[in-house]
Amino acid sequence: MDIYQRDRFELLSAYLDGEVSPSERQQVQDWLDHDPAMQQLHQRLTQLRYGLQTLPIPVMETSADDLLAGVFADEAQRHSRFRWVAWGGGAIAATVVGALSFLAPQSPLAPRFAQTPEAEPDATSLLIAVSQPVVDIPLAPEAMVKDLSISIDRPVVDIPTTQY
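In the working numbering, the protein residues as written are 53 to 216.
No lab work stands behind these hints, which were simulated from the structure alone. Not one of these hints is a red herring.
Okay, the calculated beta carbon distance ranges per label pair: (1) S132 - R58: 53 to 61 angstroms; (2) W139 - I204: 44 to 52 angstroms; (3) R130 - T106: 38 to 46 angstroms; (4) Q57 - Q81: 16 to 24 angstroms; (5) W139 - Y102: 58 to 66 angstroms; (6) D118 - H86: 52 to 60 angstroms; (7) A151 - I204: 51 to 59 angstroms; (8) L104 - S73: 22 to 30 angstroms; (9) D118 - R96: 36 to 44 angstroms; (10) A66 - H86: 15 to 23 angstroms; (11) E76 - L104: 19 to 27 angstroms; (12) I211 - A166: 49 to 57 angstroms.
For each residue, glycine too, the CB sits at the ideal point set by N, CA and C.
Given the sequences, and given the hints that come with them, work out the whole structure.
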């Protein structure tokens, strides 16, 4: 089908749908009056259109609400099964990893306890005493400490109120 015939077909189809301008309507009428090929195409499209309009509408055996409820019930059941499989698989995997980590003591996953070094630290080691701070922390003046109280029954800052 060349471009000219395709344009004629589309225009005829639009004519049957009532979607043409008055000048296009006149053009299609002229074709139908004088062109036997266009008359045959018009007849075929009209029969096709009538056939589509008279097709029987299938009757549903179940209502849309029942169908929707069934779909959601199936999905919930499938999701529930998946959740159990996922939890079970995760538990099995954790058990296997735990068992392997205890059976292989050289494994990097095996638990290890801290050990105290047997030798005394040398002069190049860095020791930090936990009971004494590394640097001196200055104390705040007593006047500042006395004024550092926050009342919980009133706000720290005055909040302006507006009345509407």
